[in-house]
Amino acid sequence: DGDGDAKVRDPTSDRNASLLRQMRSIPNMITAGRILSAPGLAYLVTAERYGIAAVGAVFLAFTDWLDGYVARNYEGQSTVLGTYLDPFADKVMVNALALSLWHVEILPSSIVALWAARDVGLVTASYYAVSKATGEGEAVTDPARTPLKIEPTTVSKLNTALQFGTIAAGLSEPLG
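Going by the working numbering, the first residue of the sequence shown is number 17, and it counts up by one from there.
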């Protein structure tokens, strides 16, 4: 009679579909590329290939601007996932480059430790806030359902700019 044929909706499948749909946006693909490029850029620093690393850092800074521009100015390109992914990518880039510059004795350990501790604290606090707002961290696994979007403050943007400026100075210092 067909009663046993009813399909049960799988919430995990819905979350995965939502995540994949959001990852297909151009800004999120650019941001993912930035995250995946961070280890290679850090390697260039530890291999003392500062010129190439500096060019790579400038290019990745441009892609940081580009993903935001596309998300703001093109219909359907802004996603909730992107509001989490973009600042996370900044933290990955800053910390990968800071650690590599510390490794080659250009940045002091105190600055690197301070930046890393701050970023771990921010990510932990964000996760806690989202989990509390949605119950059991649902928004972390399904960004489309979160009531919270990450919107960086002016102070946070200034801090990131100063971190990138410090990294740029560190990369250019060995170049003379």
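Errors might be hidden in some of the hints.
As the list claims (entries may be wrong) - Straight-line distance between alpha carbons at most 25 angstroms, and here's what the computed PhoX-like set of lysine-lysine pairs gives:
| id | residue 1 | residue 2 |
| --- | --- | --- |
| 1 | Lys165 | Lys148 |
| 2 | Lys107 | Lys165 |
| 3 | Lys107 | Lys173 |
| 4 | Lys148 | Lys107 |
Rather than coming from a laboratory, the hints here were simulated on the basis of the structure.
Hey, Lys107 versus Lys165, does the alpha-carbon distance stay inside 25 angstroms? holds (17 angstroms)
When you check the alpha-carbon spacing of Lys165 and Lys148, does it fall within 25 angstroms? holds (14 angstroms)
For the pair we were handed, Lys107 and Lys173, check the Cα-Cα distance against 25 angstroms. holds (12 angstroms)
Just to be careful, I want the Cα atoms of Lys148 and Lys107 compared with a cutoff of 25 angstroms; is the pair within it? holds (23 angstroms)
Checked against the numbered hints above, the structure breaks none of them.
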